[in-house]
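Chains as they are written, first to last, in our numbering: chain W, 1 to 330; chain F, 1 to 321.
These are computed hints drawn from the structure, not numbers from a lab.
It is possible that part of the hints are untrue.
As the list claims (entries may be wrong) - With a straight-line Cα cutoff of 20 Å, these simulated SDA-like cross-link-like pairs (lysine to any residue) come out:
id, chain 1, residue 1, chain 2, residue 2
1, F, Lys154, W, Pro285
2, F, Lys179, W, Pro285
3, W, Lys269, F, Lys13
4, F, Lys13, F, Ile241
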Amino acid sequence: MHEDAHRFPAQVYEIACKIREMKIRGAGRIAKAAAEALGVAAEDYKGEDLEDFKMYMVNVSKLLTSTRPTAVSLPNAVSWVLKPLSSPDISSVQEAKAAVKSRAKAFVHYADQALRKIAEFGEKLLTDGDTVLTHCNSLAAISVIVEAFRRGKNIQVFVTETRPKYQGYITSEMLLKEGLRIRLIPETSVRYLMKRVDKVVVGADTVAANGAVVNKIGTSLIALAAHEKAVDFFVATETFKFSPYTFIGDIVPIEFRPPSEIVSEEFLKMHPRLKVLNPAFDVTPPDFISGIITELGIIPPKSAAIIIEEIYGRPVISMESPRGVEEDTS
Amino acid sequence: MLETELEKIVNGKIYSSSETVLCTLELLGKILKQRRDPAFFMEVLEKILKSRPTSAMLQNAVRIITNNLINANIQSYDDLVNSYENTRQYIVKKIYSDIEESSKIASRRITNNETILTNSYSIFVKKTIEKAFADGKSLKVYVTESRPTGEGIKFAAELSDRGIETYLIVDSAVRFFMKEVDKVLLSSEAISANGAVVNKIGTSLIALAAHEARVRVYVVSSTLKFSPGTLIGELVEIPEIEISDYMPEGWDRLKALRPRSPLFDVTPPSFIDAIITEKGVIAPEFAIMMFRETFGWPASIGGYQTDINELREILNKIIKW
Chain W
1 MHEDAHRFPA QVYEIACKIR EMKIRGAGRI AKAAAEALGV AAEDYKGEDL
51 EDFKMYMVNV SKLLTSTRPT AVSLPNAVSW VLKPLSSPDI SSVQEAKAAV
101 KSRAKAFVHY ADQALRKIAE FGEKLLTDGD TVLTHCNSLA AISVIVEAFR
151 RGKNIQVFVT ETRPKYQGYI TSEMLLKEGL RIRLIPETSV RYLMKRVDKV
201 VVGADTVAAN GAVVNKIGTS LIALAAHEKA VDFFVATETF KFSPYTFIGD
251 IVPIEFRPPS EIVSEEFLKM HPRLKVLNPA FDVTPPDFIS GIITELGIIP
301 PKSAAIIIEE IYGRPVISME SPRGVEEDTS
Chain F
1 MLETELEKIV NGKIYSSSET VLCTLELLGK ILKQRRDPAF FMEVLEKILK
51 SRPTSAMLQN AVRIITNNLI NANIQSYDDL VNSYENTRQY IVKKIYSDIE
101 ESSKIASRRI TNNETILTNS YSIFVKKTIE KAFADGKSLK VYVTESRPTG
151 EGIKFAAELS DRGIETYLIV DSAVRFFMKE VDKVLLSSEA ISANGAVVNK
201 IGTSLIALAA HEARVRVYVV SSTLKFSPGT LIGELVEIPE IEISDYMPEG
251 WDRLKALRPR SPLFDVTPPS FIDAIITEKG VIAPEFAIMM FRETFGWPAS
301 IGGYQTDINE LREILNKIIK W
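Chain W extracted, bound-state conformation (with noise of 0.2 Å):
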């Protein structure tokens, strides 16, 4: 609980817990419901003292970059959308709100644009006929996909579960609806079907300075099986899940969450001895990547710092800046 927690208005409440129970997922998604909370808080703020404003933001920033330690996308788009806060021009309540609420709206827009971008892009590496395998539930990677199919390529999904959560089932119906051919997988079987897959195409929830990509556990397994078979490994992902923290050396913190997941409470007391470790992210290392798909166009892997110089420029971002939790503590 933040000091002045009871000021925060209850619908930003309800998309921080959202986040945190993961009832809002995926890095993209997390970002725009962040910057939609911080429009609403900045709307739902009563008083005239400027200081006094940007306090209330910052604590409801560390409210919403608490919910999840992995995704950079939440400090960034925190950190996006507060960036006037920091300007001299602004001198009055009225001026921060308007300047918080307009970029809150702006940065919705653009994650709204940067999807069509990626998809666009990212359809030319597809081509007719392809099997391509895809594992969780990325829009950016589904967007990719959908528009390859809708501009009239023969193309079969092979969607994996993705344990423990089943995203995949998600990203499953998602492809149905379209119309495309999908076979669901067990993540035991991808090495023994990549001999059957042209491409792959997953998202990321960070990519790190040096071109590593942090998503969903099981992301680096599925690239090392396609490596070793040279089946073409795509990343998509709008920019701002690079993490410019990873530049000045902080490390991405990956989350383990609840054994409940994975095995249900009851069986955890039938064998109390018994642990469960749930890693949700895992790190695929830039050499099994052939390239990120970006709004700003496709990259190799490691040159991820040109994306990250491009965006917050040199130095690429302040120490005292908001950034995730180190490790989660739920």
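Following the hints, complete the assembly by docking chain F onto the known chain W.
Chain F only, in chain W's frame:
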């Protein structure tokens, strides 16, 4: 009652391949004694063989039974029952002694304070870990849940109940944890002439991740699991199963698609450091020498269908009496 036992075997509800063989042999013995119906005996045997076309141990057991019945001087139905029962006891004894011997040798490969990773549910691997633990070695064991069937959960629970420090992980987390692993222990459904190991789906992915991380991979097995047909070019058949039974609640539209998954995969010999059998530790490429010792050279064996046909002929003769 015999039918329910059959259902259990055919539907893959028994996960360990050794257990499947033990249950099958027992069921067939009961059928001979209670039903006195060789035709039903053959029907059941064929049904089980078809449902587990990959199980080399099952095929080898049938081969031993066929050979013994041919060589036994069967004069009456009771002779058949006795001859079968003797053979069954021989095979059961052999399986248990193989498990003992192989796991004893394998456990010597495990040193104190090591971290082991394994998947699925294997009696050979279980005994190996239990023996190393009983020898006072402090171990940490990672077990993958092994989708789609998920028997790794049961395996992890059993090891932890024994007091072994056990961590259950999802299958896709294998590469994430591999850097903490010292040795990977695997079982086998069949071993082919080139040393490739057929085992539960996901095994080859684990071996690949181990190979990348330079972690040693051992297969704990028995010469009964060598698949002699592969020496004369037969391919090991990999069956697919429908996974809707193993899917979470809801998702009716996806279940209606009746998604399927291969039940096994093939791990190439280059990813395997050693195959550990009751006869000793061998390089996978040395498997062919073990074939020679067990089945003779040149290989004079057809597929398991040949054995079934021979067995049927013997039984037909007996029925005529």
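How the hints compare with the structure:
no. : hint                : result
1   : Lys154/F - Pro285/W : violated, 33 Å
2   : Lys179/F - Pro285/W : holds, 14 Å
3   : Lys269/W - Lys13/F  : violated, 24 Å
4   : Lys13/F - Ile241/F  : holds, 12 Å
When held up to the earlier numbered hints, the structure conflicts with 1 and 3 and fits the remainder.
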